[in-house]
Amino acid sequence: MKYEAVIGLEIHCELKTKTKIFCGCATGFGADQNTHVCPVCLGLPGVLPTINKRVVEFAIKAGLATNCEINKYSKFDRKNYYYPDLPKNWQTSQYDLPIAIHGWVDIDTEDGRKRIRLTRIHMEEDAGKLVHSGTNIKNSLTSNVDYNRTGVPLLEIVSEPDLRSAEEARTYMEKIKTIMQYIDVSNCRMEEGNLRADVNVSLRPVGSETLGTRTEMKNINSFKGLEDAINYEVERQREVLEDGGHIVQETRTWDPERGMTLSMRSKENAHDYRYMPEPDLPPIVTTDEQIAKYRDELPELPDARRERLEKDYGLSDYDAGIITGSRASAEYFDAVVAAGADAKLAANWMMGDLAKNLNAENLTIEQSPVDAKRLGAMIGLISKGTISSKIAKKVFKEMWTCPDDPEKIVKDKGLVQITDTSAIEGIVDEVIAANEKAVNDYKGGNKKAIGALVGQVMKKTRGKANPQMVNKLLAQKLNG
Amino acid sequence: MRLYNKPAHVLHDMLVSGEITSVQLTQDVLARIDEVEGDVRAYLTLTRDEALAQAKAVDAKIAAGEPISFLEGIPGAIKDNICTKGVKTTCASKILEHFVPPYDATVMTKINKENPVILGKTNMDEFAMGGSTENSGFFPTHNPWNTECVPGGSSGGSAAAVAAGTAIWAIGSDTGGSIRQPASFCGVVGMKPTYGRVSRYGLVAYASSLDQIGPLTRDVTDCAHLLNIISGHDEMDSTSSDVPVPDYTKSLVSDVKGLKIGLPREYFVKGMDPEVEKTVRAAIDQFRSMGAEVVDISLPHTDYAISTYYLIAPAEAATNLERYDGVSYGERVDGEDLVEMMTNTRSELFGEEVKRRIIIGNYALSAGYYDAYYLKAMKVRTLVQQDFTVAFRDVDVIMAPTAPTPAYKIGAMIDDPLQMYLQDACTVPVNLAGLPGISIPCGFSSQNMPIGLQIIGKPLGEETLLRAAYTYEQSQNFHQQMANLGGKEA
Numbered sequence: 000m001k002y003e004a005v006i007g008l009e010i011h012c013e014l015k016t017k018t019k020i021f022c023g024c025a026t027g028f029g030a031d032q033n034t035h036v037c038p039v040c041l042g043l044p045g046v047l048p049t050i051n052k053r054v055v056e057f058a059i060k061a062g063l064a065t066n067c068e069i070n071k072y073s074k075f076d077r078k079n080y081y082y083p084d085l086p087k088n089w090q091t092s093q094y095d096l097p098i099a100i101h102g103w104v105d106i107d108t109e110d111g112r113k114r115i116r117l118t119r120i121h122m123e124e125d126a127g128k129l130v131h132s133g134t135n136i137k138n139s140l141t142s143n144v145d146y147n148r149t150g151v152p153l154l155e156i157v158s159e160p161d162l163r164s165a166e167e168a169r170t171y172m173e174k175i176k177t178i179m180q181y182i183d184v185s186n187c188r189m190e191e192g193n194l195r196a197d198v199n200v201s202l203r204p205v206g207s208e209t210l211g212t213r214t215e216m217k218n219i220n221s222f223k224g225l226e227d228a229i230n231y232e233v234e235r236q237r238e239v240l241e242d243g244g245h246i247v248q249e250t251r252t253w254d255p256e257r258g259m260t261l262s263m264r265s266k267e268n269a270h271d272y273r274y275m276p277e278p279d280l281p282p283i284v285t286t287d288e289q290i291a292k293y294r295d296e297l298p299e300l301p302d303a304r305r306e307r308l309e310k311d312y313g314l315s316d317y318d319a320g321i322i323t324g325s326r327a328s329a330e331y332f333d334a335v336v337a338a339g340a341d342a343k344l345a346a347n348w349m350m351g352d353l354a355k356n357l358n359a360e361n362l363t364i365e366q367s368p369v370d371a372k373r374l375g376a377m378i379g380l381i382s383k384g385t386i387s388s389k390i391a392k393k394v395f396k397e398m399w400t401c402p403d404d405p406e407k408i409v410k411d412k413g414l415v416q417i418t419d420t421s422a423i424e425g426i427v428d429e430v431i432a433a434n435e436k437a438v439n440d441y442k443g444g445n446k447k448a449i450g451a452l453v454g455q456v457m458k459k460t461r462g463k464a465n466p467q468m469v470n471k472l473l474a475q476k477l478n479g
Numbered sequence: 000m001r002l003y004n005k006p007a008h009v010l011h012d013m014l015v016s017g018e019i020t021s022v023q024l025t026q027d028v029l030a031r032i033d034e035v036e037g038d039v040r041a042y043l044t045l046t047r048d049e050a051l052a053q054a055k056a057v058d059a060k061i062a063a064g065e066p067i068s069f070l071e072g073i074p075g076a077i078k079d080n081i082c083t084k085g086v087k088t089t090c091a092s093k094i095l096e097h098f099v100p101p102y103d104a105t106v107m108t109k110i111n112k113e114n115p116v117i118l119g120k121t122n123m124d125e126f127a128m129g130g131s132t133e134n135s136g137f138f139p140t141h142n143p144w145n146t147e148c149v150p151g152g153s154s155g156g157s158a159a160a161v162a163a164g165t166a167i168w169a170i171g172s173d174t175g176g177s178i179r180q181p182a183s184f185c186g187v188v189g190m191k192p193t194y195g196r197v198s199r200y201g202l203v204a205y206a207s208s209l210d211q212i213g214p215l216t217r218d219v220t221d222c223a224h225l226l227n228i229i230s231g232h233d234e235m236d237s238t239s240s241d242v243p244v245p246d247y248t249k250s251l252v253s254d255v256k257g258l259k260i261g262l263p264r265e266y267f268v269k270g271m272d273p274e275v276e277k278t279v280r281a282a283i284d285q286f287r288s289m290g291a292e293v294v295d296i297s298l299p300h301t302d303y304a305i306s307t308y309y310l311i312a313p314a315e316a317a318t319n320l321e322r323y324d325g326v327s328y329g330e331r332v333d334g335e336d337l338v339e340m341m342t343n344t345r346s347e348l349f350g351e352e353v354k355r356r357i358i359i360g361n362y363a364l365s366a367g368y369y370d371a372y373y374l375k376a377m378k379v380r381t382l383v384q385q386d387f388t389v390a391f392r393d394v395d396v397i398m399a400p401t402a403p404t405p406a407y408k409i410g411a412m413i414d415d416p417l418q419m420y421l422q423d424a425c426t427v428p429v430n431l432a433g434l435p436g437i438s439i440p441c442g443f444s445s446q447n448m449p450i451g452l453q454i455i456g457k458p459l460g461e462e463t464l465l466r467a468a469y470t471y472e473q474s475q476n477f478h479q480q481m482a483n484l485g486g487k488e489a
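For the protein sequence lines, the chains are A and B, in the order given.
For the first sequence, numbering that gives the first Met the number 0 begins at 0 and goes up steadily by one.
For the second sequence, numbering that gives the first Met the number 0 begins at 0 and goes up steadily by one.
Quick caveat, the hints were computed from the structure, so don't treat them as lab data.
Heads up, a few of these hints could be off.
[As the list claims (entries may be wrong)] Straight-line distance between alpha carbons at most 25 Å, and here's what the computed SDA-like set of lysine to any residue pairs gives:
| # | chain 1 | residue 1 | chain 2 | residue 2 |
| --- | --- | --- | --- | --- |
| 1 | A | K266 | B | E339 |
| 2 | A | K128 | B | E339 |
| 3 | A | K74 | B | K112 |
| 4 | A | K52 | B | H232 |
| 5 | B | K112 | A | P38 |
| 6 | A | K74 | B | V379 |
Small disclaimer: the values here were computed from a predicted structure and weren't measured.
Assemble the whole structure, with the sequences as input and the hints as a guide.
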């Protein structure tokens, strides 16, 4: 029997507010242990939470950017379970009235664009961090808790089970990351745990409409881990089903080092979270005016931006997709164009030399030594004919290490393209005189032989001659 | 001249006039503590040295000719579920036996600004769960009027201290009657303000949607002054009301002409002690004779209030008390692993009543039971609230007994929690509806035990309550009588 995978994601996205969700403590990453704490986030007796209004704003913006309906009456609930990284032994989260519901995002798949539905987006607080003397809490002699992360605001973005492969899941998560970065609500730094996913996977015979029994894998914090975990789990489930077995509904954990998922707890041992409305926080009531204001404040979103680049600049869907793949890259592109560059050249340079250099040095586009203004100016020099595309590569290489403007670099290094016919003519004559064989080949009908002659001229001018001009002059003289 | 038996406003005037010093006053109250605390046991923690230092500082200020605020230099006591920076706050629970908060409750910040003398922290039912102070994890408090009787609860220590003269004023908390009922049992004035009137930040939560801090005092005048000090919006408490606080002392006016009083027939039925009913009805007759109008009203869902309360309060308590797990603060009982450590800690250090309510609460919130219990209780709560809304269309205040009986003997009900829960029948609906209520002394039983009259007001109707209570107080002298504690006076 042929099976298809049915996959749904719960993405936890850390919001980039300055302070925590229910107190005034800083949210910064990497501080000394237990320094970003106060009675409230430590859950001391008698404390009360107060909502950070930015969190609500960010959550509504995230909802709007993913085509959700905003619940104008929303509330917090207590999700109760005992674990030492939760000082109150409940997580303040949202249960039956989340801030946003019924959204969708489009992703690119092999079969074209596909719509992935979002069930809901809700707000919640992060837990602290446990550091065990062993490998887990059960086999450790001691475990220490760092409460710095306790109360850092999170969005939980829950998809419908609309994903059908590890690749789709990855593309979907990348899309969510892009949108959250565009609307500037999260840093989305995977390595700092800003974006983590719980993945639900089940299999069903192709053509079946009923969902199979699912397993859940918790806390996957890299795109590679996501793909590997899903691929492993799909294969595991397929083997069980093909052997005539049944899938056990359970929570599994992804072990990236061993490259496998392991059973954590079965459905029978699942927590009863005993959800209860949070009595210490009034309901969140949002007006149409507030929603309209937040909608107005949203920047151009990735899909719209991509369409604009295709429409306005004639970029291919693929190129536009890559360039709008992150807000920083899209803004870089716009700035390059604003600095006077041709849009298609700008796209080529960004996806070519710029991307290559950034990758080689493991830099983000924001960290690029060549900023958009300078790249734009350099592309302008190509369009004006001041430099050739070939020289431009040299100029770009120079710009990577030297902060000067491209005009100055071109001038200082004497890289200005020779467009003066008389200056090139002498060299052309020299080359014709010195390359009898190539000249004869050409005249004998091998038109390709002109390439060697062009190369010689370029070499003698150290690349500064305009290659089209050289071509033209050579042809004139040889045919003449 | 003894000073411990006077109300704060009288002592304030004596301090201002220079007739007494704060040190004299504080020493007199400390002497009273030496005399009777062994019999009453109102305090869990006494801060004698700090109290005397505070008194000395106030006297220096007065000597320098500086003006003083109402509470300045006057000794009072704080219920031990209100966080006091640097002073143990145990909630009368072994699980917090040595817990010293690193912060002050908002109510303490407000009180401390007044520069009072703080004598210590008072006994209570563990985590405010109970109506007799017998559920203290340490020892029971005794009623100053008869030390064989309970002082009521859960703010029994605060009420007993004010009644015994071991504090001039005290702060308590009221979740289902925990200020009003002990006030009634001990013959003092106790007010539960409107939910949200006083910040709960720093009050160790029992049932968050019901808890409210309030004063216990010798008379209505002191109550109004205390209310002025502790009321007001607090950014740290999202459920606190941001309606401006009036000057409550302006309500200390002797006039109830035209005041419309409702008597809910459901509050005067089965199980009520005949002496209580007789005494309360006499007090209401007194109101009538002073020009108030009295009408019978109905609060039809009263019968369901107790069962509703005993689902909502334990459900909230079950989650509020999850944090006491031995992990990062409080006491710990070790175990082989984490789960065993948490289990041992909670099993050994929580008292029976606390565990009973945690179990009821978790049951009510469990998957499959939530709709039948918690959700239904929330709906009935709305009906109870609506009863009051409808009643207050026709009346200005509602009057009823505070408790169905006077104080009973220690141990009389300890094995019958259901009977104990029924003691809250007249006070619990007020918490469910979030309304203000005050208990004032209105007479004595044949056994010479105090009886309280409860006055219930509209939301934020504290001024009307104070005016009615003050007017009544002016017409009699019950509030001036003090327990003599076997005539113990040094």
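Broken hints, by number | 3
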